[in-house]
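Participant: Sequence:
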Amino acid sequence: NKSNFLQKNVILEEESLKTELLKEQSETRKEKIQKQQDEYKGMTQGSLNSLSGESGELEEPIESNEIDLTIDSDLRPKSFLQGIAGSNSISYTDEIEEEDYDRYYLDEDDEDDEEDEEEIRLSNRYQSYLEGVKYNVDSAIQTITKIYNTYTLFSTKLTQMYSTRLDNFAKAKAKEEAAKFTKEDLEKNFKTLLNYIQVSVKTAANFVYINDTHAKRKLENIETEIKTLIAKIKEKPDLYQAYKAIVTPILLMRDSLKEVQSAIDKNGIWY
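For the sequence shown, position 62 (counting from the first letter as 1) is numbered 62 according to UniProt numbering, and the numbering increases by one without interruption.
Accuracy of the hints is not assured; some may be wrong.
Stated by the list, open to error - Under the rule of at most 30 Å between Cα atoms (straight-line distance), these lysine-lysine pairs were calculated in the BS3-like manner:
id, residue 1, residue 2
1, Lys-244, Lys-180
2, Lys-171, Lys-134
3, Lys-134, Lys-157
4, Lys-202, Lys-232
5, Lys-258, Lys-173
6, Lys-171, Lys-157
7, Lys-202, Lys-191
8, Lys-171, Lys-188
9, Lys-236, Lys-188
10, Lys-232, Lys-191
11, Lys-202, Lys-171
12, Lys-236, Lys-175
13, Lys-234, Lys-244
14, Lys-234, Lys-188
15, Lys-146, Lys-134
16, Lys-157, Lys-227
17, Lys-218, Lys-258
18, Lys-218, Lys-191
19, Lys-227, Lys-173
20, Lys-134, Lys-173
21, Lys-173, Lys-146
22, Lys-258, Lys-202
Claimed, not checked - Simulated restraints on C-beta separations:
id, residue 1, residue 2, range
23, Tyr-129, Glu-259, 17 to 23 Å
24, Thr-164, Ser-128, 53 to 59 Å
25, Glu-131, Lys-180, 34 to 40 Å
It should be emphasised that the hints constitute simulated quantities derived from the structure, not laboratory data.
Note that beta-carbon positions come from the ideal geometry of N, C-alpha and C, so glycine has one too.
Using the sequences and the hints given, assemble the complete structure.
Facilitator: Right, dumping it as structure tokens:
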């Protein structure tokens, strides 16, 4: 009996020891778990504090999985803020279509502007042709007038030379003044006239309208006639005979050139 009692005591002590051991192990495990939780909580809080320092402060405590952050930055595009406030999907379709639409009409306007500029450029060039012809025709008319006035003065001196009402001194004076007129000067004036007409013809070669080409042919005919008159001047024995050969033709020629001049001034038949 005594041995049985001792055996029971040993068994009870062993069970008590096991119980204490299990209790210690359980408490140690709880401490470890608590320590891990505290460390995790500290890490989480540190991350959130870091996030708060870089991106702004948290407006509300974290109570759920949804986090509302306010990002303080003026660099955020408007579309980004609209995406946060409303739908997360951002569409640029309307904006792109509007840009393409505007670009289409801008390109069309540019083409119209280029066409207008080209028309203006061609119009200005054509006008410069008209002005060039006008200038040379005016100069040709003035040259013909000069030739005719010279002829008139020369004829007056010849009349005085053979006048029966003037004395010998006046006749001698008239003869002296008449000698100053020469065929060479007359030819020189005709060559100047020819030059003005030739330049006009060359410029008129740019004309394309029917009335313009008609005026061009008229100038070409005058050019040919002037060359013929120059040849006649060279053929005549003296200045008086030369003037008689060219006076009537140059007066008709001047009338024709005045018609051309009038047409240019009025912008009439040449347009």
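Participant: Let me make sure I understand: some of the numbered hints might not hold for this structure. Which ones are they, in numerical order?
Facilitator: 2, 3, 5, 11, 19 and 20
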